[in-house]
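Chains as they are written, first to last, in the numbering used here: chain A, 104 to 321; chain B, 104 to 321; chain C, 3 to 205; chain D, 3 to 205; chain E, 3 to 251.
Since the hints were derived computationally from the structure, they do not count as laboratory data.
Derived DSS-like pairs (lysine-lysine); straight-line CA-CA distance at most 30 Å:
hint, chain 1, residue 1, chain 2, residue 2
1, B, Lys113, D, Lys116
2, D, Lys116, D, Lys96
3, A, Lys113, C, Lys116
4, C, Lys96, C, Lys116
5, D, Lys96, D, Lys122
6, A, Lys113, C, Lys96
7, D, Lys122, B, Lys113
8, C, Lys122, D, Lys122
9, C, Lys122, D, Lys116
10, C, Lys116, D, Lys122
11, B, Lys113, D, Lys96
12, A, Lys113, C, Lys122
13, C, Lys122, C, Lys96
Note that the structure is a prediction, hence the values are computed from the model and not measured.
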Amino acid sequence: MSALLLRDLKLAVRAGGGFGLGLAFFLIVTVLVPFGVGPDSGLLARIAPGILWVGALLACLLSLDRIFQLDWEDGSLELLATAPIPMEGVVLMKALAHWLSSALPLVLAAPVLGVLLNLPTAGYGWLMLSLALGTPALSMIGTFGAALTVGLKRGGLLLSLLVLPLYVPTLIFGTEAARRGAEGLANATPLLMLAGITAGVTALLPFAAAAVIRVNLR
Amino acid sequence: MSALLLRDLKLAVRAGGGFGLGLAFFLIVTVLVPFGVGPDSGLLARIAPGILWVGALLACLLSLDRIFQLDWEDGSLELLATAPIPMEGVVLMKALAHWLSSALPLVLAAPVLGVLLNLPTAGYGWLMLSLALGTPALSMIGTFGAALTVGLKRGGLLLSLLVLPLYVPTLIFGTEAARRGAEGLANATPLLMLAGITAGVTALLPFAAAAVIRVNLR
Amino acid sequence: MRVEDLGCQRGGVPVLEGVSFTLAAGEALALRGPNGSGKTTLLRTIAGLQPPAGGRIELAEDSVAYGAHADGLKATLTVAENLAFWAAIHACDKVSEALEAFELRPLATRPAQKLSAGQKRRLGLARLLVTGRPLWLLDEPTVSLDADSVGLFGRAVRAHLSAGGAALIATHTDLGLEARVLDVTAFAATGGPAPGGFAEAFA
Amino acid sequence: MRVEDLGCQRGGVPVLEGVSFTLAAGEALALRGPNGSGKTTLLRTIAGLQPPAGGRIELAEDSVAYGAHADGLKATLTVAENLAFWAAIHACDKVSEALEAFELRPLATRPAQKLSAGQKRRLGLARLLVTGRPLWLLDEPTVSLDADSVGLFGRAVRAHLSAGGAALIATHTDLGLEARVLDVTAFAATGGPAPGGFAEAFA
Amino acid sequence: MSIWEYANPRRFMGWSAPLVPLFSALAALLIALGLVWGFFFTPEDYRMGSTVKIIYIHVPSAMMAINIWVMMLVASLIWLVRRHHVSALAAKAAAPIGVVMTLIALITGAIWGQPMWGTWWAWDPRLTSFLILFLFYLGYMALWAAIEDPDTAADLTGMLCLVGSVFAVLSRYAVNFWNQGLHQGATLSLDAEENISDVFWLPLLVCMAGFGVLFAALVLLRTRTEIRLRRLHVLEARDRTGRKGSGEG
Ligand code: HEM
Ligand SMILES: Nc1ncnc2c1ncn2[C@@H]1O[C@H](COP(=O)(O)OP(=O)(O)OP(=O)(O)O)[C@@H](O)[C@H]1O
Ligand SMILES: Nc1ncnc2c1ncn2[C@@H]1O[C@H](COP(=O)(O)OP(=O)(O)OP(=O)(O)O)[C@@H](O)[C@H]1O
Ligand SMILES: [Mg+2]
Ligand SMILES: [Mg+2]
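If we strip away everything but chain A, and leave its shape as in the complex, we get (with noise of 0.2 Å):
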């Protein structure tokens, strides 16, 4: 199984950038904000964290259709049905896999665009934080997400439209985590819900995509 981790990780880097691309798009994404918004530095301080984190959902949204649709494509999504591992195992390390390549390199480069947001100092470790939490439900969700839409050609579209409700919840408590943090004021309340997201999420969506894989192959 960590063969196939390893494989995933290798692809994403070789794909010319899989680690680089949803970065980049992160960032533009930040920098088109201010173009859109205008440049009151007050009012910027206090979307900041709001718009780091919708940020940050959307280049994670981008990358989703990678996950299976490559593997459905040239048939090696089939040969892993049949291979002597339980198509549970092959969804957390997709997801897993996705994580690492996709979201990881936003938690870590977050702060960075706050800077060009003027988050608060007092922000920037309670935005990574609540990022470090929340994206691993992002990654599983979308997992669940791309494993109903592989199979359709060009699925991205309808992929986004069915995650996005389903990200709601960590959308919010891991806003609100970063926002409050920043502010100074209490937040472990939302950062224990996302902790809790994120913990249901990986015990149970890996079954329901399994069987929604195995569906989607016959």
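Chain A is fixed; fit chains B, C, D and E with the ligands onto it per the hints.
Chains B, C, D and E with the ligands only, in chain A's frame:
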């Protein structure tokens, strides 16, 4: 050539709602922003034109990879290249089909989403006008980007990265026009600039895109 | 392996019914039939990728290696890396034998996307060797292969059979193998929707 | 059509050089050669999809119909719609003849994604008829076809030739056609980077 | 005989046929009664004036929007566990009705909000979670539309409905949490129990019953249409296999 346009529109409809999905994405992004930045309606009204423009731009962006990729994968693009219509014509038809199927619905839906973000009443007309003038440029520039990345498996993220910087002028003039309009200021200049960008881009980019596709095919 | 009274469906439409045959270790069976007669459907059903519409498939667990039209190759990985991945998944260590068997040694460090159609196909066949599975299900394995490569393929199949394996091969061309032939047209479904699906429920 | 001293390259590596032959109206020429010898590369070069690395191709403009491994079919369009589209692009009105010629009439309203491998291939070949072009460049056209369909294909090619067309066909199998044979191995490139590319500039 | 027998398509077609006109008539009657009663025979609210009348459409549609999702969840579960095709089709048939109910609730709410709060829309938790429910409906319908094979589509949408329901509940709590500490809260908390007296309540009850029966009629009708569509597909498929011998191959 109109056969190509008709086919693309037919495919967009058949593919389970090429029309609706971009729209749904636009809606969802618009809804996510308040989750991120908080529900303060004064704040939302201030950033509304910018968010709506960024949202429309992203929804446009996500549908770009459909423009050439499917035709490339199934070999149609090679066959079109040997067909008796100029590649420039193919590019133009593709851009037009993209605008009709992906951008036009956004223009029409923008006012409804403006309600959600408390856009001032004076702003609706200007928002639609600026989008109507600007989105053809987005489609055309996006078609050029799609031509650059055709043949790259899952080039979607790279495509976003290439295209977003090219979108910046359109975005800036577009939001300026909408924002000034909403605040009752003069906005003839940004509107003229928008129209100019659209005209220039439609006149010149088809040649660049066609050249790029010929390179990608060989 | 033993198939009894098997029914197969595709897209809710029954394609084959009453398929029965046995395949002992060391044997190969060639599936024949015109286009659209259901060879691919039968192989996918036996591989467990789609549920049978009836009947029984007796088969040891984890014994199937399926070689489809698509080869499951990653364009950016090299030939050797592609094989090594499937070997790791199947916990089998025959990469270099597989490279030898299909004369892929000189291409080992070439990314799969830079192979010609026939070279890709050879790599896809080499993958079968690294699964270590006894039963090969092959769908038109010699497509795009030149005469020499067809010879390599024949040799690999014979070696597999004499090592106690078995093979079920759908094909339109001559494989140069001594194999029993099963004509799937004999089992063409006579109509009536596939059981258990929407089609049947609303017949 | 006339090819003189043509050089072909793939991914910056020269594959063929000094290819010369002529093809008159009413003639078919079969390209032969083992896997990776450069048949596909030659066809793509003649079709104008990649620039020649040297030599000359004399060819009337807009005279080529290329039939590649990929068939250019839209999965969600029906068989008839697929053909109608290509007919409209080539301003040619032979859809129903093409449907007849490859016995696709009963499948006409079926979406292309629901065809078996061989049925898809037949549709891909039918597309050639609606281009109305005189020179067919075919890359392994009979892959996945059963014997009957190969017969249909042979008939279509003969009709095309006797109507003054020409065909250049890369294949590993027997097509049942009387055609001159050109073995591309005779023109294998001897080495050195392809001219005009980065590889040469930094050799 | 087990109750599941009624889910057999043929039996379903049998017993549902007379119910559709019956329910339609009953719904028309109840809604007409409720609306006329509510519009013309109730006093104007001292605070909200005549705008309170919109409640007779707003509240029933809002309730139905939620109930329909719950019904879809139950139907999906029945399909996933017991594989009754009719229940999968009933879930599919209910979704567009649900989405229209949600839209009606949103639009009447917005129209009401304009005179009451001076704005068409506010990010009140209840309104917000309704918007999210709307998105869930859209996703569910889009997935049905995108997959052609009905067996696959039924399984996948069933799973989506299941997972989606969990997340819908989670979202509801998240939205409540999110909007705490925002000053607007007080002006927005219009609760039934505080504001609605019996005079308004009775015609409202009639309207709610009317909407419920209307939904029953519509869902039966649409399910019957879906069943007929499936039968059509089966006939087409049979046509296909029938011709196979002569034309194909
Ligand atoms: C777009 C705006 C609105 C939406 C989406 C909306 C949504 C809802 C929802 C979901 C319910 C709950 C139904 C139930 O659970 O039984 C409801 C009930 C209600 N709404 Fe609205 N509403 C909106 C605007 C308004 C406005 C502006 C008012 C009045 C000023 C209002 C007054 C009520 C009342 C009185 C109820 C009945 C409460 C109950 O029975 O529990 N709503 N609305
Ligand atoms: N995805 C699909 N959905 C619905 N029907 C399909 C699908 N794929 C194939 N079919 C139909 O199912 C039948 C059996 O197809 P199958 O692919 O098994 O044939 P085959 O024997 O492999 O043919 P070939 O030699 O052309 O590959 C054919 O009539 C075909 O049209
Ligand atoms: N995309 C590519 N990039 C670089 N090299 C390639 C590429 N595709 C093929 N080649 C190489 O170019 C050479 C010629 O390939 P080509 O596809 O023309 O062979 P072919 O005669 O068509 O073989 P086959 O019978 O297997 O289809 C081969 O050595 C192959 O490895
Ligand atoms: Mg087949
Ligand atoms: Mg080739």
